[in-house]
Amino acid sequence: MKRLIRIGLIPLLLAGLSFPSAASQTDPQGSLMWDYMRKLFLNDDPYLFDERIKVLVPEFAEDPTQVPVSVDARALDGDIRQIIAWADFNPIQHIFTYRPLRDVHPRLSLRIKVQQATPIRAAVQTMDGTWHVGTAQIDAAGGGCTTPSVGNADPYWESHLGEISSRRFSRDFGSRYKFKVIHPMDTGLVDLIPEFYLQQVTLKDEAGNELLQMDLSQPVSENPVLTFDTKNSDQSHYLLLRDNNGNEFEQAL
Amino acid sequence: MANPTIKCLFSAAVLASAVLGGVKVTAAAPLQYNLQPQEIARDTWLLQGKTEDFSRKNGGNIVNTAFIVTKDGVVVFDTGPSFRYGRALRQAIASVTDKPVVHVFNSHHHPDHFLGNQAFQDSTIWSLPETGKQLALHGNGFTDNMYRLVGDWMRDTEMRLPDKPISEAMMSQGLEMGAHRLQFYRFSGHTGSDLVMLDKTTGVLFASDMLFFQRMLTTPHTPGLDIWRQELDKLKAMKYRKVVPGHGPVTEGSAAIDQMRDYLSWLDQRLKKSAEQGLEMVEVINLPVDERFKGISLSQAEYRRSVVHLYPAYEDAQF
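Quick note, the sequences are listed as chains C and D, same order. When we follow the numbering used here, the leftmost residue of the first sequence carries the number 1, and every step to the right adds one. When we follow the numbering used here, the leftmost residue of the second sequence carries the number 1, and every step to the right adds one.
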């Protein structure tokens, strides 16, 4: 207990920041898994729960294979090294790691599979190494990770693997990219179906500068739909994807 | 005003009986549906469910079931959410008539409409052919989910499939039972296979879940809002005196149909506009329903569910 308090105080003192009063080291969800997950993903680094990190999910996983999740870390824009998201009670906990590099708003959305009711976490690491954790609870009837992908019963994906549909929307903050990739995103947890999923996502501008990098894990839903927000509305971008079988996909957006 | 003295005496009596023999007993409320049949037309009885969501308090009694008493026997339209409900429905029927239950209809494959089937072993249970196939595929999953949602009310409930698909001949000719002429219609807006029954003798239209009234509609298996809307127009054009929705109060006239149609059009536009603006699913879920729907039970909760069911198709249309 003493050690926990010390970890919490160090970043507060060093950074000289005044965190909102809601910031604390007590897991708002009271999850049994918190300490284990924290050590796994945050390496015992200093952390605090921070209400400014928004994790938006519906209250109930209506379809446990397609649960929408939005993470909004704009409150810490400009000071973000990476964002790691996970679900405490999924058999594979890690969902994604996101690194904003330039010209993006640190806000993204995607859909995931959940195996049972679980907290969903988004830990945002600032440049000083501290993790600011946003959290939300989702209730579920369960089974999302051990249900075969729809694609497994339908050979459509075999001839359309990696096909990317995309659309750019003009928004007051710049542009929003929404895209959908045809990919089964098999978790490896279903009988005799090996894991097969997109692992890397990179968004680049025309000059080849990377705007963001993202590592995905198996809980990302089949045929992923991802949303990113960029600050510029006048540039064109392209998207690079790679899956765990080494397939690479590229698309001008 | 409740009489406080009587209330106190009652509590004392309950306490006394609870500590009898030195053992403290915490008694759970008995799980009873207390179905009260209301006569809504000649020979026609309704068991009206609450306009709520499934809960351990209501035992899943959120659904309307009905029966018609004829001189040739009783016709039942939907059997409720559990075996226990099915037995309570039989008791309700027995309180009105001693005629046997001859025909039972399952309007569609949602669990609150067929899980009382076990109580009707001595009747013929009918459904649309497609409903039978949907039940064979998903019925057990729905049953498990009902145990999760309402708990012990479900005890001993197992899916009992309908015995027979309604034949083409029965669809076209209808069914004569005593003085009642029953006509059947195949719709699809709510689940892809939705049975509607019209009693031409009394003018009562049993609309099943094609129609919700004062309780927000659900969309997990709709083939599309446009299809549902078109079919509501057909329903409105039918000749009836009273309409029994799957959920909510009985009405005369078209108030229920108009309310549904208005909402379906509004929802379609909401989803379309949101997709055009590039909104993410959670953003759409967090938008409020229009003011005019706020008086409908569960409007915001069911709106949120509907976004999850329907929004991906609207997003796809934008790519």
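Simulated from the structure, these hints should not be mistaken for lab results. No residue lacks a Cβ here, since even glycine has one placed at the ideal position from N, Cα and C. Keep in mind that a hint or two might mislead.
Sample of chain D residues lacking proximity to chain C, with all beta carbon distances greater than 12 Å (derived) [unchecked claim]:
| no. | residue |
| --- | --- |
| 1 | Q38 |
| 2 | R148 |
| 3 | L149 |
| 4 | K200 |
| 5 | A237 |
| 6 | K239 |
| 7 | K242 |
| 8 | Q277 |
| 9 | A301 |
| 10 | R304 |
| 11 | R305 |
| 12 | S306 |
| 13 | H309 |
| 14 | Y311 |
| 15 | P312 |
| 16 | D316 |
Covered stretches of chain C, as calculated for chain D (at least 3 residues, CB under 8 Å) [said to hold, decoys possible]:
| no. | stretch |
| --- | --- |
| 17 | 57–63 |
| 18 | 157–169 |
| 19 | 226–234 |
Using 20 Å as the maximum straight-line C-alpha spacing, the simulated DMTMM-like pairs for lysine to aspartate or glutamate come out as follows [to be verified]:
| no. | chain 1 | residue 1 | chain 2 | residue 2 |
| --- | --- | --- | --- | --- |
| 20 | D | K273 | C | E163 |
| 21 | C | K231 | C | D103 |
| 22 | C | K54 | D | E276 |
| 23 | D | K234 | D | D258 |
| 24 | D | K200 | D | D262 |
| 25 | C | K180 | D | D262 |
| 26 | C | K204 | C | E250 |
| 27 | C | K231 | C | D72 |
| 28 | C | K54 | C | E163 |
| 29 | C | K39 | C | E163 |
| 30 | D | K234 | D | E276 |
| 31 | C | K204 | C | D139 |
| 32 | C | K180 | D | E252 |
| 33 | C | K180 | D | E283 |
| 34 | C | K180 | C | D128 |
How the hints compare with the structure:
Annotated as non-interface, D:Q38 keeps its C-beta farther than 12 Å from every C-beta of chain C; the closest such distance is 33 Å. A cut-off of 12 Å between C-beta atoms contradicts the statement that D:R148 is not in contact with chain C; the least separation is 6 Å. Not every C-beta of chain C lies more than 12 Å from that of D:L149, the closest at about 9 Å, which undercuts listing it as non-interface. Here D:K200 stays apart from chain C, with its beta-carbon at least about 39 Å from theirs, past the 12 Å limit.
With a cut of 12 Å on Cβ distances, D:A237 stays outside the contact zone with chain C, its closest approach being about 33 Å. Annotated as non-interface, D:K239 keeps its C-beta farther than 12 Å from every C-beta of chain C; the closest such distance is 38 Å. Every CB of chain C lies more than 12 Å from the CB of D:K242, the least distance being 34 Å, so the non-interface label holds. Distance check on D:Q277: its Cβ comes as close as 6 Å (rounded) to a Cβ of chain C, failing to clear the 12 Å threshold; non-interface status is violated.
Consistency note on D:A301: stated as away from chain C, yet its beta-carbon is not over 12 Å from all of that chain's, at 9 Å minimum. Under the 12 Å C-beta cut-off, the non-interface status given to D:R304 relative to chain C is violated; the minimum distance is some 6 Å. A beta-carbon of chain C comes within 12 Å of the beta-carbon of D:R305; the shortest separation is about 5 Å. At the 12 Å boundary, the C-beta of D:S306 falls inside the reach of chain C, the nearest C-beta of that chain being 9 Å off.
Its beta-carbon lying about 7 Å from the closest one in chain C, D:H309 breaks the requirement of being farther than 12 Å from that chain. Interface exclusion of D:Y311 from chain C breaks down, the closest Cβ pair being 9 Å apart, not more than 12 Å. With a least CB separation of 7 Å from chain C, D:P312 falls inside the 12 Å interface cut-off, contrary to its annotation. D:D316, annotated as away from the interface, has a beta carbon of chain C within 12 Å; the closest lies near 7 Å.
Given a C-beta distance limit of less than 8 Å, the hint that chain D covers the stretch 57–63 of chain C holds, as 6 residues qualify and 3 suffice. By the rule of at least three residues with a Cβ nearer than 8 Å to a Cβ of chain D, the coverage given for the stretch 157–169 of chain C holds, with 4 such residues. For the stretch 226–234 of chain C, the proposed coverage by chain D is not satisfied: 1 residues have a C-beta within less than 8 Å of a C-beta in that chain, short of the threshold of three. The suggested pairing of D:K273 with C:E163 is violated, with an alpha-carbon distance near 26 Å, which exceeds 20 Å.
Restraint check for C:K231 and C:D103: satisfied, since their Cα atoms lie roughly 5 Å apart, inside the 20 Å limit. With a C-alpha separation of about 24 Å, the suggested pairing of C:K54 with D:E276 is violated against the 20 Å cut-off. The suggested pairing of D:K234 with D:D258 holds, with an alpha-carbon distance near 12 Å, which does not exceed 20 Å. Of the pairs offered as hints, the one joining D:K200 and D:D262 is violated, with about 28 Å between alpha carbons and a cut-off of 20 Å exceeded.
Restraint check for C:K180 and D:D262: the C-alpha separation of about 32 Å exceeds 20 Å, so the hint is violated. A distance of roughly 11 Å separates the Cα atoms of C:K204 and C:E250; the hinted pair therefore holds under the 20 Å criterion. For a cut-off of 20 Å, the pair hint linking C:K231 to C:D72 stands: about 15 Å separates their Cα positions. Distance hint between C:K54 and C:E163 is unfulfilled; the C-alpha atoms sit about 31 Å from each other, more than 20 Å.
With a C-alpha separation of about 37 Å, the suggested pairing of C:K39 with C:E163 is violated against the 20 Å cut-off. Restraint check: the Cα-Cα separation between D:K234 and D:E276 comes to about 30 Å, which exceeds 20 Å; the hinted pair is violated. With a CA separation close to 36 Å, the supplied pair C:K204 and C:D139 exceeds the 20 Å bound. Under the criterion of a C-alpha separation no larger than 20 Å, the hint pairing C:K180 with D:E252 is inconsistent with the structure, at around 47 Å.
With a C-alpha separation of about 18 Å, the suggested pair C:K180 and D:E283 falls inside the 20 Å cut-off, and the hint holds. Taken as a hint, the C:K180 and C:D128 pair is broken in the structure, with Cα atoms around 34 Å apart against an allowance of 20 Å.
Hint compliance for this structure: hints 2, 3, 8, 9, 10, 11, 12, 13, 14, 15, 16, 19, 20, 22, 24, 25, 28, 29, 30, 31, 32, 34 are broken, all remaining hints hold.
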